[in-house]
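Participant: From just these sequences and the hints, can you work out the full model?
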Amino acid sequence: MTRVTLRVIGGLDLELSGRTTMVEFPDGAAVRDIPAALLALGIDCTSRKYLVALNGLGLNQHPQDQALKDGDALLAIPPLMGG
Amino acid sequence: MEKDIKFQGGYTGKRLRINLSLREVSIEDVDPAEYYQYLGGRGMGALWYWREIGPQVKPLSAENKIGFFAGPMTGAPLISTTKFQCTTRGPESGQYLCSNSSGYFGPFMREAGFDAVILEGVSERWTALVIENQQVRFVDDDGWQGLKTGETRKRLLGTLPEGKRWATMVVGPAAENGVAFSSIMVDDGRAFGRGGAGAVLASKRIKALAVRGDQKLPVFDLEKCRAITKSAIEFLKVSRAKHRALGTAQFIEPVNALGAMPTRNFQTTWEEPEVAAGVIAQTMHDQYFTRNYACYRCSIACGQVTEVKEGQFAGAAARPEYESVGILGPSCGVYDMAAVIAANQACDELGMDTITGGNMVGLVMELFQRGLVTAADNEGLVVNFGDGKAMVEMLHFISERRGLGKLIGEGALGIIKERPLWEPYILHSRGLTFAAYDPRGFHGMGLSYATSIRGACHNVGGYTVYEELLSGKVDRFATEGKGAMVKSLQDVRAYIDSTGLCTVARGGFGLTNTPTSEVLLAVTGYNFAPRLVEIGERIINLERMILKREGVDRRQDTLPPRMREPVPNGPTAGRLISQEMLDAMLDDYYDLRGWDGHGLPKGETLKKFELEFTEA
Numbered sequence: 000m001t002r003v004t005l006r007v008i009g010g011l012d013l014e015l016s017g018r019t020t021m022v023e024f025p026d027g028a029a030v031r032d033i034p035a036a037l038l039a040l041g042i043d044c045t046s047r048k049y050l051v052a053l054n055g056l057g058l059n060q061h062p063q064d065q066a067l068k069d070g071d072a073l074l075a076i077p078p079l080m081g082g
Numbered sequence: 000m001e002k003d004i005k006f007q008g009g010y011t012g013k014r015l016r017i018n019l020s021l022r023e024v025s026i027e028d029v030d031p032a033e034y035y036q037y038l039g040g041r042g043m044g045a046l047w048y049w050r051e052i053g054p055q056v057k058p059l060s061a062e063n064k065i066g067f068f069a070g071p072m073t074g075a076p077l078i079s080t081t082k083f084q085c086t087t088r089g090p091e092s093g094q095y096l097c098s099n100s101s102g103y104f105g106p107f108m109r110e111a112g113f114d115a116v117i118l119e120g121v122s123e124r125w126t127a128l129v130i131e132n133q134q135v136r137f138v139d140d141d142g143w144q145g146l147k148t149g150e151t152r153k154r155l156l157g158t159l160p161e162g163k164r165w166a167t168m169v170v171g172p173a174a175e176n177g178v179a180f181s182s183i184m185v186d187d188g189r190a191f192g193r194g195g196a197g198a199v200l201a202s203k204r205i206k207a208l209a210v211r212g213d214q215k216l217p218v219f220d221l222e223k224c225r226a227i228t229k230s231a232i233e234f235l236k237v238s239r240a241k242h243r244a245l246g247t248a249q250f251i252e253p254v255n256a257l258g259a260m261p262t263r264n265f266q267t268t269w270e271e272p273e274v275a276a277g278v279i280a281q282t283m284h285d286q287y288f289t290r291n292y293a294c295y296r297c298s299i300a301c302g303q304v305t306e307v308k309e310g311q312f313a314g315a316a317a318r319p320e321y322e323s324v325g326i327l328g329p330s331c332g333v334y335d336m337a338a339v340i341a342a343n344q345a346c347d348e349l350g351m352d353t354i355t356g357g358n359m360v361g362l363v364m365e366l367f368q369r370g371l372v373t374a375a376d377n378e379g380l381v382v383n384f385g386d387g388k389a390m391v392e393m394l395h396f397i398s399e400r401r402g403l404g405k406l407i408g409e410g411a412l413g414i415i416k417e418r419p420l421w422e423p424y425i426l427h428s429r430g431l432t433f434a435a436y437d438p439r440g441f442h443g444m445g446l447s448y449a450t451s452i453r454g455a456c457h458n459v460g461g462y463t464v465y466e467e468l469l470s471g472k473v474d475r476f477a478t479e480g481k482g483a484m485v486k487s488l489q490d491v492r493a494y495i496d497s498t499g500l501c502t503v504a505r506g507g508f509g510l511t512n513t514p515t516s517e518v519l520l521a522v523t524g525y526n527f528a529p530r531l532v533e534i535g536e537r538i539i540n541l542e543r544m545i546l547k548r549e550g551v552d553r554r555q556d557t558l559p560p561r562m563r564e565p566v567p568n569g570p571t572a573g574r575l576i577s578q579e580m581l582d583a584m585l586d587d588y589y590d591l592r593g594w595d596g597h598g599l600p601k602g603e604t605l606k607k608f609e610l611e612f613t614e615a
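So the sequence lines, in the order shown, correspond to chains A and B. Residue 7 in numbering that gives the first Met the number 0 sits at position 8 of the first sequence, and the numbers go up by one each step. Residue 580 in numbering that gives the first Met the number 0 sits at position 581 of the second sequence, and the numbers go up by one each step.
By construction, these hints were calculated from the structure, which means they are not laboratory data. Just to be clear, a hint being listed does not mean it is correct.
[As the list claims (entries may be wrong)] PhoX-like cross-link-like pairs, simulated, lysine-lysine; straight-line CA separation at most 25 Å:
| hint | chain 1 | residue 1 | chain 2 | residue 2 |
| --- | --- | --- | --- | --- |
| 1 | B | Lys236 | B | Lys223 |
| 2 | B | Lys215 | B | Lys13 |
| 3 | B | Lys472 | A | Lys68 |
| 4 | B | Lys5 | B | Lys223 |
| 5 | A | Lys48 | B | Lys472 |
| 6 | B | Lys416 | B | Lys405 |
| 7 | A | Lys48 | B | Lys229 |
| 8 | B | Lys5 | B | Lys215 |
| 9 | B | Lys388 | B | Lys147 |
| 10 | B | Lys163 | B | Lys13 |
| 11 | B | Lys601 | B | Lys547 |
| 12 | B | Lys229 | B | Lys215 |
| 13 | A | Lys48 | B | Lys241 |
| 14 | A | Lys48 | B | Lys163 |
| 15 | B | Lys416 | B | Lys57 |
Facilitator: Here is the structure:
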């Protein structure tokens, strides 16, 4: 199994909000597998309510077939905008 | 040809001009062809500035003027139609200043019958202007001097007839004392914060303005407006769900987590989450929130009214936004939300921009850290990073021009002129200090700050942060693609600032970089949508020609030295923006804008936007 941390911050209305959780992926999982795993946790990556980053970059800024590895870090935050 | 257009709504077509020296009032007609080209708000302000404020005019001189401009949506029967613009030559940059505020003043100015109010000359006595429908009177009183903004507003309202609500603008002691970044407080919590517009008003001995009226703004299709409003409310319920709950401060935690939070005067970009937790939105909400505040006709109500009930800052109350929390918090090393609220309140009451006020305190803190100043330089007050109480006191010193505040109140450019060795510790572009996003964490923000029309500004310069995380083509550390990103964001922002709509709500109206929205058709009877981005680009080019006239070119599109230092720790450790990286982004940006290598619009670009009149 590959273990990726998921941190949900910015006051999102999610059960996981404010926490850091470990998300397990099967060995060989890739970036493209992240949305489905997050959907199971209540985070819809396509929703206007969230923005998801992997290792500090937007999800779609990684090659989709890039293999996940232990220690990768997901961050779910509200959509950022200037005030 | 549509330049002969007569709009069927959205504009009063009238501008109020008040000559303060002669105490003469005149009402002018506005040529609808100008609205066709420049829309309203910021666009109309820029056109007026080009015509009436020449390059030799100094910001605090009698020759300077200050104008307040509404857009066609200001006060319209939709939602979030609260915004209006202030245009003047600002003391913080010494150049053209465009500033945007919410509140009730803009809509009520329209109910009084005016799309714009212009002030020129200098009043012989300290006065407040009261505008009721098309009548103007002066409330002279030397007792206005020295009053804080809340006291001023209360005293002014106490002199006014009861009945329908009044809207107000006031300045505080900071403006009276010539602080280069003093603000104009609008109603009871909004502001023209950046650039020093407060000092311009005070230089004219204007302490306050009040306005109300009973004219109904003409609207072309009220039923369509209602339908669009309904749809916008539904859209924003989802996309702005957290704005009501937590306000813009909800971004503190994510920006810190991404390693772009200015920390200890931008010496680094991140703090441990356990420490940063002291100033995140959830903390503000759980421990200090009392109620929401909504601007005129706003269904989002993102304003977070907070109050400190106990401790050394008991009694402090403010409505902290992301910027105020970021700069008065982490950038001053302060992780005590109560101190941030107290500092925000001090800025509001004294009438100072929270961003530059906080950045200046951060500068003082770093000067103490490095032993470049001592208590003896500051009337005994030591201001160290993390000391919230000293932070609040330093803000008072700046307003009163005491101790180090005497020089600090001059703003970045004034400080550098007097103390060039302090320049490495001042984070500014063209005189305006940085917003609460460190560009080493989002390189597009570096280009945004360097090219922002009014100096480093995350709004006017283009808010790239979201795009830099969403883009499928480039990431936040790339320099490629940022020229196009910043140009597009700036063009959109320029037209949004000309509509009168709050940017937080614009998604609900489909006002994007490819606008198809019918909202302006519903309000004015003319479908601006296909031309909105072109209008935004016209405004940017006109503003750039104004800046050219004031001596600005590529040499001033810069970032401060600290941006060329690597971030020492955290998620963006090692990141920097070298001059070569900035040059690459500038070259790309200028090329896309149709500007030459010096950052000046080419002849064919001016022709494209019908700005040949700026060539002389």
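Participant: The structure should be examined with respect to each hint, and the outcome stated for every one.
Facilitator: Checked hints:
1. B:Lys236 with B:Lys223: The hint holds at about 20 Å.
2. B:Lys215 with B:Lys13: 14 Å, holds
3. B:Lys472 with A:Lys68: 23 Å, holds
4. B:Lys5 with B:Lys223: 20 Å, holds
5. A:Lys48 with B:Lys472: 22 Å, holds
6. B:Lys416 with B:Lys405: 14 Å, holds
7. A:Lys48 with B:Lys229: With Cα atoms ~20 Å apart, A:Lys48 and B:Lys229 stay inside 25 Å; holds.
8. B:Lys5 with B:Lys215: 18 Å, holds
9. B:Lys388 with B:Lys147: 20 Å, holds
10. B:Lys163 with B:Lys13: 22 Å, holds
11. B:Lys601 with B:Lys547: 12 Å, holds
12. B:Lys229 with B:Lys215: 21 Å, holds
13. A:Lys48 with B:Lys241: Status holds; Cα separation ~9 Å.
14. A:Lys48 with B:Lys163: 39 Å, violated
15. B:Lys416 with B:Lys57: Holds - the C-alpha atoms of B:Lys57 and B:Lys416 are around 17 Å apart, at most 25 Å.
Checked against the numbered hints above, the structure violates only hint 14.
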